[in-house]
Amino acid sequence: MKISLNELATQFGLELVGNENHTINGVSTLAKARSSELSFLANTKYKSELKETQAGIVVLTRQDSRIFDGNALIANDPYVMFAKIACLFQNNQYPDMCIHKTAIIAESAIIADNVAIGPYCVIGENSNIGQGTILEAHVVVGNDCTIKKNCIIKSQVVVSFGCNIGSRVILHPGVIIGADGFGLARDKDGWVKVPQLGAVEIGDDCEVGANTTIDRGTLEDTILAQDVRLDNQIQIAHNVQIGKHTVMAGCSAVAGSAKIGNNCLIGGGVGIVGHIEICDNVTLQSMALVTHSITKPGSYSSVSPIQETQAWRKSAVRIKQLDKLSKRVKDLERKNNESK
Amino acid sequence: MKISLNELATQFGLELVGNENHTINGVSTLAKARSSELSFLANTKYKSELKETQAGIVVLTRQDSRIFDGNALIANDPYVMFAKIACLFQNNQYPDMCIHKTAIIAESAIIADNVAIGPYCVIGENSNIGQGTILEAHVVVGNDCTIKKNCIIKSQVVVSFGCNIGSRVILHPGVIIGADGFGLARDKDGWVKVPQLGAVEIGDDCEVGANTTIDRGTLEDTILAQDVRLDNQIQIAHNVQIGKHTVMAGCSAVAGSAKIGNNCLIGGGVGIVGHIEICDNVTLQSMALVTHSITKPGSYSSVSPIQETQAWRKSAVRIKQLDKLSKRVKDLERKNNESK
Amino acid sequence: MKISLNELATQFGLELVGNENHTINGVSTLAKARSSELSFLANTKYKSELKETQAGIVVLTRQDSRIFDGNALIANDPYVMFAKIACLFQNNQYPDMCIHKTAIIAESAIIADNVAIGPYCVIGENSNIGQGTILEAHVVVGNDCTIKKNCIIKSQVVVSFGCNIGSRVILHPGVIIGADGFGLARDKDGWVKVPQLGAVEIGDDCEVGANTTIDRGTLEDTILAQDVRLDNQIQIAHNVQIGKHTVMAGCSAVAGSAKIGNNCLIGGGVGIVGHIEICDNVTLQSMALVTHSITKPGSYSSVSPIQETQAWRKSAVRIKQLDKLSKRVKDLERKNNESK
Numbered sequence: 419m420k421i422s423l424n425e426l427a428t429q430f431g432l433e434l435v436g437n438e439n440h441t442i443n444g445v446s447t448l449a450k451a452r453s454s455e456l457s458f459l460a461n462t463k464y465k466s467e468l469k470e471t472q473a474g475i476v477v478l479t480r481q482d483s484r485i486f487d488g489n490a491l492i493a494n495d496p497y498v499m500f501a502k503i504a505c506l507f508q509n510n511q512y513p514d515m516c517i518h519k520t521a522i523i524a525e526s527a528i529i530a531d532n533v534a535i536g537p538y539c540v541i542g543e544n545s546n547i548g549q550g551t552i553l554e555a556h557v558v559v560g561n562d563c564t565i566k567k568n569c570i571i572k573s574q575v576v577v578s579f580g581c582n583i584g585s586r587v588i589l590h591p592g593v594i595i596g597a598d599g600f601g602l603a604r605d606k607d608g609w610v611k612v613p614q615l616g617a618v619e620i621g622d623d624c625e626v627g628a629n630t631t632i633d634r635g636t637l638e639d640t641i642l643a644q645d646v647r648l649d650n651q652i653q654i655a656h657n658v659q660i661g662k663h664t665v666m667a668g669c670s671a672v673a674g675s676a677k678i679g680n681n682c683l684i685g686g687g688v689g690i691v692g693h694i695e696i697c698d699n700v701t702l703q704s705m706a707l708v709t710h711s712i713t714k715p716g717s718y719s720s721v722s723p724i725q726e727t728q729a730w731r732k733s734a735v736r737i738k739q740l741d742k743l744s745k746r747v748k749d750l751e752r753k754n755n756e757s758k
Numbered sequence: 419m420k421i422s423l424n425e426l427a428t429q430f431g432l433e434l435v436g437n438e439n440h441t442i443n444g445v446s447t448l449a450k451a452r453s454s455e456l457s458f459l460a461n462t463k464y465k466s467e468l469k470e471t472q473a474g475i476v477v478l479t480r481q482d483s484r485i486f487d488g489n490a491l492i493a494n495d496p497y498v499m500f501a502k503i504a505c506l507f508q509n510n511q512y513p514d515m516c517i518h519k520t521a522i523i524a525e526s527a528i529i530a531d532n533v534a535i536g537p538y539c540v541i542g543e544n545s546n547i548g549q550g551t552i553l554e555a556h557v558v559v560g561n562d563c564t565i566k567k568n569c570i571i572k573s574q575v576v577v578s579f580g581c582n583i584g585s586r587v588i589l590h591p592g593v594i595i596g597a598d599g600f601g602l603a604r605d606k607d608g609w610v611k612v613p614q615l616g617a618v619e620i621g622d623d624c625e626v627g628a629n630t631t632i633d634r635g636t637l638e639d640t641i642l643a644q645d646v647r648l649d650n651q652i653q654i655a656h657n658v659q660i661g662k663h664t665v666m667a668g669c670s671a672v673a674g675s676a677k678i679g680n681n682c683l684i685g686g687g688v689g690i691v692g693h694i695e696i697c698d699n700v701t702l703q704s705m706a707l708v709t710h711s712i713t714k715p716g717s718y719s720s721v722s723p724i725q726e727t728q729a730w731r732k733s734a735v736r737i738k739q740l741d742k743l744s745k746r747v748k749d750l751e752r753k754n755n756e757s758k
Numbered sequence: 419m420k421i422s423l424n425e426l427a428t429q430f431g432l433e434l435v436g437n438e439n440h441t442i443n444g445v446s447t448l449a450k451a452r453s454s455e456l457s458f459l460a461n462t463k464y465k466s467e468l469k470e471t472q473a474g475i476v477v478l479t480r481q482d483s484r485i486f487d488g489n490a491l492i493a494n495d496p497y498v499m500f501a502k503i504a505c506l507f508q509n510n511q512y513p514d515m516c517i518h519k520t521a522i523i524a525e526s527a528i529i530a531d532n533v534a535i536g537p538y539c540v541i542g543e544n545s546n547i548g549q550g551t552i553l554e555a556h557v558v559v560g561n562d563c564t565i566k567k568n569c570i571i572k573s574q575v576v577v578s579f580g581c582n583i584g585s586r587v588i589l590h591p592g593v594i595i596g597a598d599g600f601g602l603a604r605d606k607d608g609w610v611k612v613p614q615l616g617a618v619e620i621g622d623d624c625e626v627g628a629n630t631t632i633d634r635g636t637l638e639d640t641i642l643a644q645d646v647r648l649d650n651q652i653q654i655a656h657n658v659q660i661g662k663h664t665v666m667a668g669c670s671a672v673a674g675s676a677k678i679g680n681n682c683l684i685g686g687g688v689g690i691v692g693h694i695e696i697c698d699n700v701t702l703q704s705m706a707l708v709t710h711s712i713t714k715p716g717s718y719s720s721v722s723p724i725q726e727t728q729a730w731r732k733s734a735v736r737i738k739q740l741d742k743l744s745k746r747v748k749d750l751e752r753k754n755n756e757s758k
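Protein chains in written order, with my numbering: chain U, 419 to 758; chain V, 419 to 758; chain B, 419 to 758.
Treat each hint with caution, since some may be false.
Heads up, simulated DSSO-like pairs for lysine-lysine below, C-alpha to C-alpha not over 27 Å straight-line [stated by the list, open to error]:
1. B:Lys-463 / U:Lys-677
2. V:Lys-738 / V:Lys-748
3. B:Lys-611 / V:Lys-606
4. U:Lys-742 / V:Lys-742
To be clear about the criterion: a stretch of chain U counts as covered by chain V if any three or more of its residues have a C-beta under 8 Å from a C-beta of chain V, and this derived list gives those stretches [said to hold, decoys possible]:
5. 475–481
6. 505–513
7. 596–610
In short, the hints are calculated from the structure, not lab data.
In this text the structure is predicted, and so the values were computed from the model without any measurement.
No residue lacks a Cβ here, since even glycine has one placed at the ideal position from N, Cα and C.
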């Protein structure tokens, strides 16, 4: 793939400053780009690298373009524009859209035109795979599932019976959609499993990271709205609902029946307990533990960052004495007032 | 599946109040159930929904039945009874118990009657699959394993060589049983792997959630007793022992050689360090970190819940100064005493 | 496998004290070893078990050998030596190195001599598998990958396109190498996916635990140096670099572009935020949260261990009041000084 700066500017509707005949064949960082590569400036932290960059062209804001002498594409949001341009240079891993002869597809399943199904995939009864969707190798789709158009379902994904996946969804390797929720009732002799009769509903444009698990609902469905983005190793329990455009970083976990609003930014390793609600536009910092509903947009945190272990041990001991300490201060204040 | 209230009452040995000829064909929540569906009241939080419910019948306690006019089944524990009744309405995903022609089964393996083995399963030498057990697609069972009767092993599960699974066990998709424990010895040139010569032993009636990993022991086995219930994405390290009826929520992790008692309730994201013991009947709240043995039953916690980030930053700074603060208070108290 | 103490001493270059003709056929703990088994003493905690052990021979230091009457092998580091000796007693799970007839291998792939490829493996175009490497069942290797010599790739592993694995690497079941990093740019209508054009580079002698995920880089590669050891369920984000001999326990997570030094010991459930650097020889205690770069070797902690929930609730409330408490103490100190 080789493209001239002129063609780039035209294709993405951007203003070009510089040599329109120069061509590029890839993308890179400001520090590492060669003259045959495009780079971008989106974070002021890297502004100093503009002066030294060897990049053939840089995507940047009009303001930043004033301090740059090389070829430039002017963009309102250089990072978004870079993301779009970089797609040109992705290797196509699926050159021929075909159904591998080892795929086992139930007779009652409906496979649209232009679908790719990789080696050793298994697709159950009455399931429905939409146009342009790609299943890599070893994907297992249960009975009565729907996967809509232009999805990419990577290797070793399991979509359990009755689950529905929207259009343009990406499920990364090892994702498990629709395992049983963790429902148990305690009888005198031990635990009784509560059947999980709901399913999972995933909206259009969602992306789910490697080895993330999304459990089926008990009576109703577990729901991801449109454009929800989940990183790797996340656990979404039964009956959870996540609002549109919400993003969650790796290793976070949401317990049963919690409801998360739209446009939330949830850091890595966050825990959200069950049966609570988080309103729209909430940011949760890494490893925060949310035990009550949040009704006010804003940023929330809970875990203290590290100290050297020796110093931290002293703090940790004092935390356990905090209530007493507080009372001792109150006592001192009382005495102080009395002595006046 | 359609059943009359009379048949339900008889089958489950419950007292019926109302129209014994009414029929139902499903289960739902009090809020959403239609007249053709059964619901239940197990949590007083939902008592107010009794008045409005359209459910064809409700499972509830005798006491709650006094404030309800509709059809009722009287149960000592409505949630347990609901769990049992709801099983009637599960779709059977395994209508024909058969061995798929693509399953690769070692000649020395012993497969009982009435076993289902799905597409692309691989079963190793000398392994033994008990009567009524179901392996979905893409299950890999190593050499010398035993899986007893009436288990359900879902897609993409790996049971590594030499591991033993009891009867009526459910392993959800992506579970890995018997990967090597994390054993390393430091030599002058780097790490030396310590061979993991034990296996994993899983008792009857256990359930293991999606993508959970249970490592094999170093010299002895890693052991789950009977009726242990693990949620998704849990990590159980080598030589861990977990007592019967203990339940662990998603994303918890137990380090090597820890020993957990019976009837413990372990919240999500909990960490338990290695080589400690937790006695019976311990409850650990979400994301607690257990660094020492627990010898007294009860509930334990460690992580503070969230604050708004701005306020939390002030607390976080103060935590680091706690030891000094404590000493300053002591000093004030001393002076206060001297000045008397 | 049966070996005389004399042969053992010769093979491992150790000094033998005792009956050189005695033979052993296995290894065990001091407490459980029989006279046909070898054991070891590496932790002073177990010294008291020396007196009672039935072991046929014990590997221990010269110093400890003075208080032991039985057969002994003298080693500078008994645990390292035990690890090496125990390898003799591992069952060989791969007796015949062959390529299973159901493996689907692209014509352009290069498979060295003496490679084992298990049932239902899929290997993409131009990929390269080195001599002595073993792929168990259901391994998926994408296009343009290299896996060097003498690796063991366990069942259900995915190595995505373009990734490179060194020699003697072990990838445990369910490991995902090279899933897309979590790169998103926010446009007015929603999230735009940032293509992940880098790959993953794993050095010689690394070991990666079950269900661990290592994402591909955005523009450059995600890199594990030589002899990095990762436990289960770890999440390594895009562009992370981990230095040689660094060890990380289960369920830890490293966010994008973080750089971790050599010889670090990282506990379980640790979180490391993105774009920071951790120097060599840092120890992080379990569940610590690292939010800033660490430039000084040493041990760091952040989470307080558990309290009983009732007591902990009081502490938790007081933590939120800490800033105020601190100011009240300052006020008391001021008054105290004024009153002098």
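Do the hints match the structure? See the list:
Distance check on the hinted pair: B:Lys-463 and U:Lys-677 sit about 49 Å apart at the alpha-carbon level, beyond 27 Å; violated. Of the pairs offered as hints, the one joining V:Lys-738 and V:Lys-748 holds, with about 18 Å between alpha carbons and a cut-off of 27 Å not exceeded. Pair hint B:Lys-611 plus V:Lys-606 does not hold up; C-alpha atoms about 45 Å apart against a cutoff of 27 Å. About 15 Å separates the Cα atoms of U:Lys-742 and V:Lys-742, which keeps this hinted pair within 27 Å; it holds.
For the stretch 475–481 of chain U, the proposed coverage by chain V is not satisfied: 0 residues have a C-beta within less than 8 Å of a C-beta in that chain, short of the threshold of three. Judged by the Cβ-Cβ criterion of 8 Å, the stretch 505–513 of chain U is not covered by chain V as claimed, because only 0 of its residues qualify and three are needed. Check result for the stretch 596–610 of chain U against chain V: holds, 11 residues qualifying (beta carbon to beta carbon below 8 Å, three or more required).
Hints 1, 3, 5, 6 from the list above are not met by this structure, while the remaining hints are.
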